[in-house]
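Novice: Listed below are the residues making up each chain.
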Amino acid sequence: MRAGPLSNTNVIGLLNHYFVPVYVVNEDYAAKGPAPAEEKAELQRIFKEGYAAKRSVGTVHVYVLGPDGHLRDSMHVAEAAKPKVLAAILQKTVDELKVRPSAPVAKVRPQSAAPACEEGSLVLHLVSRSMDGKGAWTDFPGEDWVVLSAEDQRALLPSPSGVPDSGSLKKLLTHFYPATENNDVSKNKFEQVDATSTVVESKGGKARARLNGNFKMAHSFYHKDDGKRVEAEFIGFADYDVVTRKIVSLEMTTRDASYNGGKFAVAVRSIDH
Amino acid sequence: MMRGFTALAFGFVLVANAFASEPNEFSWVEQRVRELQPKGKEKRFDEIGWAEDIRDALRLAKAHQRPVFLFTHDGRMNIGRC
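Sequence lines, in order, name chains A and B. Position 123 (the first sequence) corresponds to 123 in our numbering; numbering is contiguous. With positions in the second sequence counted from 1, the corresponding number in our numbering is that position plus 1000.
Check before you lean on any hint, since a few could be wrong.
With a straight-line cut-off of 30 angstroms between C-alpha atoms, the simulated DSSO-like cross-links for lysine-lysine are [said to hold, decoys possible]:
#1 A:84 <-> B:1062
#2 B:1043 <-> A:170
#3 A:48 <-> B:1043
#4 A:216 <-> A:228
Hints were generated in silico from the structure; no laboratory data involved.
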């Protein structure tokens, strides 16, 4: 949907000028999901209205509600993912309700935003994209937000052993995978991690560390073990305060990364917060 | 003789590049991180004024007399992990 109709100028215009658009994540609205009970109740109410009216109802679906909140129309994602089809269902509603165009009623803002975190944390934004067009969903990159505590930051910096703490490093590397159906990083299994962290520059209480290495990580495409694994070589630089050992900025990328026969690349950079 | 010179010169270039690559690594990482960032055409999704949640959408719909477009999905569409 995102690469199709939700990137289509006509559909974006219809949604912004005539509708109140909203998307919800099914995992959040599941029985044990974090969405408030009132939210879950509203979604169930919409489903029930759909069943009662014998409309198409499903978890990956488009629903059109009237200004009164009641269901008017619905469509399976396989159909709704076609820009012309979705535009038609939207236009039909606009015409029937005689909706007048106006500016978006909800604020237009980036939908991928840095999470709230404690003072002293390092917020990292990660981008993962296909480099050869192989694999699934290569139309746009995946993103992740990773927060490293003060302790995690210290553990990545050069030490007498020259080897960064693998636990802290894995918190970041576990997000190094291309677009897959499975995004549960708790299921990833590291098979090998080799890394070094060395000082390459030091002046006036500030230093720059070079962090490089390679790893192998089992990451299933779907949620069942399938033997697929990430193999990647990475390199990055972290500028840090020598006394507090707090990282001021960090950039990291993959030199070479593969998954299931396809090539992908990851970029990580720290964000001021 | 010439072949030996060529091999020697080639060897020198390799060694020189190995040393020269160190200071350039930082610039290379900076540039690659920049190049891999999402492009504008990949973030058109952000051009849409999305409501916070269903209740927010219903409140706005009532206040502005607009219909609601609701998309339910698995994963995290907002970060492209879906």
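Novice: Between the alpha carbons of residue 1043 (chain B) and residue 170 (chain A), is the straight-line distance 30 angstroms or under?
Specialist: Satisfied, since the Cα-Cα distance of roughly 28 angstroms is no more than 30 angstroms.
Novice: Is residue 84 (chain A) close enough to residue 1062 (chain B), meaning Cα to Cα at most 30 angstroms?
Specialist: Status holds; Cα separation ~27 angstroms.
Novice: Would the pair residue 48 (chain A) and residue 1043 (chain B) pass a check requiring their Cα atoms to be no farther apart than 30 angstroms?
Specialist: 34 angstroms, violated
Novice: Mind checking the alpha carbons of residue 216 (chain A) and residue 228 (chain A) for me, to see if they're no more than 30 angstroms apart?
Specialist: OK: residue 216 (chain A) and residue 228 (chain A) at ~10 angstroms, within 30 angstroms.
Against the hints set out earlier in the document, a violation occurs for number 3 only.
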